[in-house]
Amino acid sequence: MKSIQAFFIVAALAILVPLFGSAAAQEKRQHFAVPAAPAYSAAQQQSLSAGGPGMFERARIWLMAQQSKFHRELSAAVKNLKTGEPARAILVLTGIAFLYGVLHAAGPGHGKAVISSYVLANEETVRRGISLSFLAALIQALSAIFFVGIFAILFNQTKPVMDQAENTIESLSWGLVAALGSWMLYRQFKATWPSVKLVEAGPAHHRDHAHHIHEQHDHGHHDHGANCNCGHSHMPAPQDLQGAWSWRKAFPIALSVGIRPCTGAIILLIFAMSQGLLWAGILGTFAMALGTAITVSILAALTVYSRDFAERMSGDGSLWAQRIHTAAGFAGAALVFLLGAAFFMASLKDPSPL
Amino acid sequence: MAIDYERHRYRANLFSLAVIALFWAAPAVAHPHVWVTYQTTVVYDKGAISGFQHVWTFDDMYTAMAVQGLDKNNDGTYDKAELAELAQVNMDGLKDFDYFTFAKLGAADLTLAAPQEPWLEHTNGILRLHYKLPLSQPVLAEAENFNFSVHDPSYFIAFDPEKTDALKLSAGAPEGCKVAFGEVKSGPESEELKAKLLDNAFAQELGQTQDIGAGFSTTATVTCAKS
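Heads up: the sequence lines are chains C and S, in that order.
Just so we're aligned, residue 1 is where the first sequence starts under our numbering, counting upward by one.
Just so we're aligned, residue 1 is where the second sequence starts under our numbering, counting upward by one.
Among these hints, one or two may not hold up.
[Claimed, not checked] Simulated crosslink set (EDC-like; lysine to aspartate or glutamate; CA at most 16 angstroms straight-line): (1) S:Lys104 <-> S:Glu142; (2) S:Lys178 <-> S:Glu144; (3) S:Lys72 <-> S:Asp60; (4) S:Lys132 <-> S:Glu117; (5) S:Lys80 <-> S:Asp109; (6) C:Lys69 <-> S:Glu85; (7) S:Lys226 <-> S:Glu117; (8) C:Lys69 <-> S:Glu82; (9) C:Lys79 <-> S:Asp60.
None of these hints come from the bench; they were simulated from the model.
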């Protein structure tokens, strides 16, 4: 997981983490109702202030502990379907699976980072970010169900075989993400330096808007009224990904992220199946996906809202702002690529101990 | 689509970056996918500590996953023979992780030899792994501060000691010796202790060792009363 740290360094180049971090950590702490820190001795206080754990880390550890708890409670919930009151058990199972999904997506190494980077680079709207998140989560749920259906039910395969398959799909998923990232980088490059011939001819459908050199436009950004007439895209990034929402545009990223089934969902499905309650596993998987989608949506929406906020804060159409904008476009694309590449590499050498 | 966010074009993806970075800001924290309750016997042989006898009990979800497809004769049970291959797969998999068993003499790491006699039992939907884990070189029974810890540094597997008799000494242990968890005990004995454990994890995390599992685990030490 060293790679995550590397990405952070990349991202940190641009960032206000010290400013923003403590506030967000504080917020996170409240949101997740982290139990109050225990009283410390003076010595401990000292050590804490000298580089001890921050609230953010504390929240993350708490997150991990909760997730671990939910994971365990899932099995009890499934078993209760047989012994307990069915209606209640279904409710509990769905609820726990949902919460598990919410927390799980908040952890590292998830598609959420990819989706947010993508949203950042592509100037996606809030609604589109949310749609993407839900689509990716839905694909992920279906992926887990198909995975179990094919490997466990149809072919009655064993765990080592399934691990292998899961790993292959994971590599494929991150490989696709990396490919998408490099494509985004390419588009960004083309758009930023339209005169540079990178490749003789791109795919046929690039109707390049590169001639819209955005420095030359005045789009009236000060006008934030409802009638703002900035109808066309002048983020010079992938045109394919701009404009009206369409499945065709959303699908590549959602699929890249979503085809990798969540291990937690697979375990739940197999366990439910072993209890003769496969349907409960499927129900739980969808509840999990809903939870994941919500977390990822929040992050994607935050990304867009933050941009809005920053826009209001910054001057209008200044050269500096445009440079930042271009840099962010590159950063988002680069992050998608780096995430994909690093997790792809990690997936190649990621043996499971058990 | 006339969404008014479209009007925001330039500038300021900075904040978005900040938001995203927040989620990557700290080192990754995995969360456990497998739970193991361990019972470990320190094995004595000819006046020396020769290694460990592990009994690891898996959680029911992992069990379902692990035995999937292994009921070859379709009799609804998983017998020792059907599970033999899995036991070997486990040994092979655990090898790269030092069997999650970290033995030390004082502060010096001790190396382990290949495990012996691995086998699995499946009862009431629970899988239990038994195996012997010898030390490469036996340690004198009287050696001071022989200690070990069973944990997963990446915390993919959550190791918890068995509630009772988690630690034992085999026959042949010198009179007056006992094994017990060290100063940091496991279990929810007190909130303060728990907080300390967490801080331990934080410290390790911040120290970039990524040794998260250890923060939640315990080190067992063999002590012998001087006679």
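Now the hints, each set against the structure:
For a cut-off of 16 angstroms, the pair hint linking S:Lys104 to S:Glu142 stands: about 14 angstroms separates their Cα positions. With a CA separation close to 12 angstroms, the supplied pair S:Lys178 and S:Glu144 stays within the 16 angstroms bound. Our distance criterion of 16 angstroms between C-alpha atoms is broken by S:Lys72 and S:Asp60, whose separation comes to about 20 angstroms. For the given pair, S:Lys132 sits about 6 angstroms from S:Glu117 by alpha-carbon distance, which is consistent with the 16 angstroms threshold.
Taking the CA atoms of S:Lys80 and S:Asp109, the gap is near 34 angstroms; set against the 16 angstroms cutoff, the hint is violated. Taking the CA atoms of C:Lys69 and S:Glu85, the gap is about 31 angstroms. The hint is violated against a cut of 16 angstroms. For the proposed pair S:Lys226 and S:Glu117, the alpha carbon gap of about 34 angstroms is over 16 angstroms, so the pair is violated. For the given pair, C:Lys69 sits about 31 angstroms from S:Glu82 by alpha-carbon distance, which is inconsistent with the 16 angstroms threshold.
Pair hint C:Lys79 plus S:Asp60 holds up; C-alpha atoms about 10 angstroms apart against a cutoff of 16 angstroms.
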